[in-house]
Amino acid sequence: MAICLVRYNRKYLPAIVTLFNSTIQRVNRKDYSQAELNEWIQSNPDFDLWHETLTSSYCLLAMANSIINPNRN
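Heads up: the sequence shown runs through residues 1 to 73, numbered per the numbering used here.
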């Protein structure tokens, strides 16, 4: 699997938010109740705010074979 780093681009934003939400579900489920996870997960994310946050710093994405989240189902 080829891994490369790329600069953040808005076209990746939906995949980033999906990865964020799935990580919360998978990693944090042992430490938080489902109700707490539901509060943390962004079902209606503010993409403009995400974009502003990610462009306000030097943000790199790790891409595996041109995919941000190679483990998605």
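It should be emphasised that the hints constitute simulated quantities derived from the structure, not laboratory data.
A couple of the hints might just be wrong.
[To be verified] Label pairs and their calculated CB-CB ranges:
no.: 1; residue 1: Cys-4; residue 2: Asp-31; range: 15 to 23 Å
no.: 2; residue 1: Asn-44; residue 2: Asn-65; range: 28 to 36 Å
no.: 3; residue 1: Asp-31; residue 2: Val-6; range: 12 to 20 Å
no.: 4; residue 1: His-51; residue 2: Cys-4; range: 32 to 40 Å
no.: 5; residue 1: Arg-7; residue 2: Asn-65; range: 14 to 22 Å
Cβ atoms here follow ideal geometry from the backbone N, Cα and C, with glycine treated the same way.
Verification of the supplied hints:
1. Cys-4 with Asp-31: 15 to 23 Å: Between Cys-4 and Asp-31, where Cβ atoms are some 32 Å apart, the hint is violated.
2. Asn-44 with Asn-65: 28 to 36 Å: For Asn-65 against Asn-44, whose Cβ atoms are near 30 Å apart, the range 28 to 36 Å holds.
3. Asp-31 with Val-6: 12 to 20 Å: Violated, since Asp-31 and Val-6 (Cβ atoms, about 31 Å apart) do not stay within the stated range.
4. His-51 with Cys-4: 32 to 40 Å: violated, 22 Å
5. Arg-7 with Asn-65: 14 to 22 Å: Check passed, 18 Å falls within 14 to 22 Å.
Checked against the numbered hints listed earlier, the structure breaks hints 1, 3, 4; every other hint is satisfied.
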